[in-house]
Amino acid sequence: MTPLAGFLLVAALVFSIGLAGALTRRNAILVLIGIELMLNAANLNLIAFWRYGPHPEALTGMMFAIFSIAVAAAEAAVGLGLVISIHRHAHTTDLDQMNRMKG
Amino acid sequence: MNFVFYVLAALTVVGSLAAVLLKNTVHCALALTVAFAGLALLFLDLDAQFAGFAQILVYIGAVAILVVFAILLTKGSETPKDGVFSKTWLAGLFVAAAVFAVLGWAVLQTAPMLSKGATVPTVTVQDIGIALIGRYVLPLEIVAVLLTAALIGAVIVAMHDKEGAK
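Residue numbers (the working numbering), protein chains in the order written: chain A, 5 to 107; chain B, 161 to 326.
The set of hints was computed from the structure by calculation and includes no laboratory data.
Here the structure is a predicted model, which means the values were calculated and not measured.
Take every hint as true, because none was put in to throw you off.
Partial list, derived from the structure: chain A residues whose beta carbon lies under 8 Å from chain B: (1) A9; (2) A16; (3) V18; (4) F19; (5) L48; (6) L63; (7) A78; (8) L84.
What follows is a set of in silico ranges between Cβ atoms, one per label pair, in the way DEER data are often shown: (9) N103/A - T270/B: 40 to 50 Å; (10) A94/A - F163/B: 43 to 53 Å; (11) V297/B - H95/A: 45 to 55 Å; (12) A94/A - L268/B: 37 to 47 Å; (13) V259/B - D100/A: 15 to 25 Å; (14) M5/A - A257/B: 16 to 26 Å; (15) V280/B - H93/A: 44 to 54 Å; (16) P58/A - T284/B: 12 to 22 Å; (17) K276/B - R92/A: 46 to 56 Å.
Cβ atoms here follow ideal geometry from the backbone N, Cα and C, with glycine treated the same way.
Construct the entire structure; sequences and hints are all you get.
Written out as structure tokens, the structure is:
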């Protein structure tokens, strides 16, 4: 197995674990943790393809990963702000109890 | 595929598994930090020094702290009586396993064609800075606007409105 295949398998495993967490946990914060893991697995893919791609000096994959990190930070800030806002309104972060669109 | 890679891969996978499976939410956040550190070390193993240290600064330094703050503000560390997994956990697990099966199959099918990456790329921080203000200057500015908007938006969303209806 080539090194690139190893990194891609690790990224696929972390992505699946994050997806399982986002789909099975009840707590909204844990769902956000799952989404963060999925974004990080995608970053690992980008960096691995950059390292083992034909033109690493063009920096394309590296730039994608850096911008992805910045966008993920913005996503985490807004997502956790939304969770705090929902908790203040509904006094719970349990997603199974949030079954109304009307406040 | 050396020893270091296996250790880092095991650290990352165990950390992310613990982040998803543990019952106490604070323990989940700490396990998430371990997973982020493992990913940062994998970046360093891939000769991407800048991305690795950016990962440490942004994720371990900021996002993990933000998650801990959110847990403490929402009293999320109290384990609910009726379990931590949702009612439809079996379907979610099935979907995640199917996604991993497809991804793993695709990687293993194409594994013989993937390049070995014989030459180590020599990329300095200076190269990254020149690329950021040269070819990638427009995305850089857009990210700057996005981060400002996200900062203001997160504060407004989470702000306590005393005059609002109860």
